[in-house]
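Based on the provided sequences and hints, a complete structural model is requested.
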Amino acid sequence: MVLSLLLISLVMSAILGFVYNATKGPIAQAGKAKELNAMKEVLPDFDNDPAADPKEIDGMVFYKATKADQLVGYAAKTFTEKGYAGRFDLMVGFLPDGTINNVVILEQKETPGLGSNMTQPKFKDQFNSLNISTLKDKKLLVKKDGGTVDAISAATISSRAFCDGLQKAYDAYMINFIDPGFKPADATSGSTKPAKESEGGKQ
Amino acid sequence: MSNFKYFSNGIIKNNPTFVLVLGTCPTLAITTAAENGIGMGLATTFVLVCSNMMIAALKNFIPDKVRIAAFILIIASFVTVVDLVMKAYTPDLYKTLGIYIPLIVVNCIIFARAEAFAQKNAVVPSILDGLGMGIGFTLAITLIASIRELLGNGSIFDIKIVSEQISTILIFILPPGAFITFGYLIAIMNRLKQKYSN
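If you're matching them up, the sequences are chains E and A in order. At position 102 of the first sequence (counting the first as 1) the number is 102 in the numbering used here, and the numbers step up by one without a gap. At position 14 of the second sequence (counting the first as 1) the number is 14 in the numbering used here, and the numbers step up by one without a gap.
If you are wondering where the hints come from, they were derived from the structure by calculation, not from laboratory data. If you're wondering where the values come from, they're calculated on a predicted model, not measured in any experiment. We put the CB at the ideal spot given by N, CA and C, even for glycine. Treat the hints with care, since some could be wrong.
Straight-line C-alpha distance at most 30 Å; calculated DSBU-like pairs for lysine-lysine [as the list claims (entries may be wrong)]:
#1 E/K67 <-> E/K109
#2 E/K24 <-> A/K87
#3 E/K144 <-> E/K64
#4 E/K183 <-> E/K136
#5 E/K67 <-> A/K87
#6 E/K40 <-> A/K160
#7 E/K109 <-> A/K87
#8 A/K87 <-> E/K64
#9 E/K40 <-> E/K55
#10 E/K24 <-> E/K40
#11 A/K5 <-> E/K109
Sample of chain A residues lacking proximity to chain E, with all beta carbon distances greater than 10 Å (derived) [to be verified]:
#12 I12
#13 V66
#14 T96
#15 V106
#16 S155
#17 I173
#18 K195
A partial selection of chain A residues facing chain E, derived with a Cβ cut-off under 7 Å [stated by the list, open to error]:
#19 N60
#20 F61
#21 I62
#22 P63
#23 I68
#24 A70
#25 T80
#26 V81
#27 L84
#28 V85
#29 K87
#30 A88
Set out below in structure tokens:
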């Protein structure tokens, strides 16, 4: 009798311990917004509250992240209007030297199965640890436009728009936080030029 | 009884809310919005299925003398699981349901099914019974909540149905509205039962 109760208590407390551990993290985060979660994904480890001091530039929002009062990077909430289905929002994390740390797609309504594939690691992870300043003309371009970015197949417009969003954030980041004399690449070429489609006429 | 009968038993014939009239505390308290009804119903269903399964599996292992203590241990653990998971993943709903999540522990439906069904039956029928009872409970409280939300707030699932200009019957959102709705629904259920059992 005692033994069976003891065993049941043991098993149930093991289950509880497991669930407690599994939900501890999410519960701590639950009160905070989706954006803060996105920031955590795009930035290296930080210990301040970036959302406390947002800085708005041209419709984009920059959040400063520090660890032990040392700057670890900025998270930029950026967007593009050039998507196949209009605007979509991205969160991109920049290291202090302008290197992209990671990108998270906050909101998008691109064609499911085509443009929406930008949420797949296969596409978006190619930007990780990329520094736009190392690219030709400091411009992020898809291969089709003479750049280095592997576009999503049959979704070049979405891929270009993605680059556009990152480029805007990068340029604003460099000018406002790193080097006031920074000269962004010519805005009329590359990712902003009108798209000429050949791949199935889609995106 | 076939497996399907174990499952369907709780949905209409022995609906825990309208026929057995068990677990009326959450039924009356949280049914102010249809979304709450679904949330509460699913949480209860999860606990019901898990506890029924566990108790049916352990029925030969639990001595009769301490079965109540064992049942409470099992049920309380699963309720805590639901509590933690909801807190983590549906914080808004968790906030609305508040104290009624931990109070699933004392929901008579769960205890009644453990005592009356799970400890006398095999695992699979017990799971089906828990599922049927849970779904019956979910449907019932969602129905009550939808009626209350519609009459008291002019919306269902937060979607406005009645124009803003028309004043709603506020009392349906308040506790008395719960009793009124509940009473009418039980009356309708009884009437339908009479009609179709003949």
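Results for each hint:
1. Between E/K67 and E/K109, the direct Cα distance comes to roughly 35 Å. Violation of the 30 Å bound is thereby established for this hinted pair.
2. Restraint check: the Cα-Cα separation between E/K24 and A/K87 comes to about 10 Å, which is no more than 30 Å; the hinted pair holds.
3. A threshold of 30 Å between alpha carbons decides the hint, and for E/K144 with E/K64 the separation of about 34 Å lies outside it, so the pair is violated.
4. Among the hinted pairs, E/K183 with E/K136 is consistent with the structure: their alpha-carbon atoms are about 14 Å apart, no more than 30 Å.
5. With a CA separation close to 28 Å, the supplied pair E/K67 and A/K87 stays within the 30 Å bound.
6. For the hint pairing E/K40 with A/K160, the CA-to-CA distance comes to about 36 Å; that exceeds 30 Å, so the pair is violated.
7. With a C-alpha separation of about 29 Å, the suggested pair E/K109 and A/K87 falls inside the 30 Å cut-off, and the hint holds.
8. With a CA separation close to 29 Å, the supplied pair A/K87 and E/K64 stays within the 30 Å bound.
9. For the suggested pair E/K40 and E/K55, the alpha carbons sit about 18 Å apart, so the restraint of at most 30 Å is met.
10. At roughly 16 Å between alpha-carbon atoms, E/K24 and E/K40 fall within 30 Å of each other, so this suggested pair holds.
11. Simply put, A/K5 and E/K109 have alpha-carbon atoms about 44 Å apart, too far for the 30 Å limit, and the pair is violated.
12. Chain E leaves A/I12 outside its interface by the beta-carbon criterion, the shortest separation being 33 Å against a cut-off of 10 Å.
13. With a least CB separation of 6 Å from chain E, A/V66 falls inside the 10 Å interface cut-off, contrary to its annotation.
14. Even its closest Cβ contact with chain E, about 14 Å, leaves A/T96 beyond 10 Å, as expected for a residue assigned away from the interface.
15. With a minimum CB-CB distance of about 17 Å to chain E, A/V106 clears the 10 Å threshold, and the non-interface call stands.
16. Non-interface call for A/S155 relative to chain E: holds, since the shortest CB-CB distance, roughly 25 Å, exceeds 10 Å.
17. At roughly 27 Å, the least C-beta separation between A/I173 and chain E is larger than 10 Å, which holds for a residue marked as non-interface.
18. Separation of A/K195 from chain E is adequate, the least Cβ-Cβ distance of about 46 Å exceeding the 10 Å criterion.
19. Of the supplied interface hints, the one on A/N60 is violated, with its beta-carbon coming no nearer than about 10 Å to a beta-carbon of chain E, more than 7 Å.
20. Evaluation of the A/F61 hint against chain E yields a held restraint, the C-beta minimum of about 6 Å falling below 7 Å.
21. Of the supplied interface hints, the one on A/I62 holds, with its beta-carbon coming within about 6 Å of a beta-carbon of chain E, less than 7 Å.
22. For A/P63, the interface hint holds, since its Cβ comes within 7 Å of a Cβ in chain E; the closest pair sits about 5 Å apart.
23. Interface hint at A/I68: violated, since its Cβ lies 11 Å from the closest Cβ of chain E, which is beyond the 7 Å cut-off.
24. Against a cut-off of 7 Å between C-beta atoms, the interface hint on A/A70 holds, since the closest Cβ of chain E lies about 5 Å away.
25. Below 7 Å, beta-carbon pairs count as interface contacts, and A/T80 has one with chain E at about 6 Å; its hint therefore holds.
26. The closest approach between the C-beta of A/V81 and any C-beta of chain E is roughly 5 Å, which is under the 7 Å cut-off, so the hint is satisfied.
27. Of the supplied interface hints, the one on A/L84 holds, with its beta-carbon coming within about 4 Å of a beta-carbon of chain E, less than 7 Å.
28. Annotation: A/V85 was flagged as interfacial toward chain E, and the flag holds, the nearest CB pair being 6 Å apart, inside 7 Å.
29. Checking A/K87 against chain E: minimum C-beta separation of about 5 Å stays under 7 Å; hint holds.
30. Evaluation of the A/A88 hint against chain E yields a held restraint, the C-beta minimum of about 4 Å falling below 7 Å.
The structure does not agree with the numbered hints 1, 3, 6, 11, 13, 19, 23 stated previously, though it agrees with the rest.
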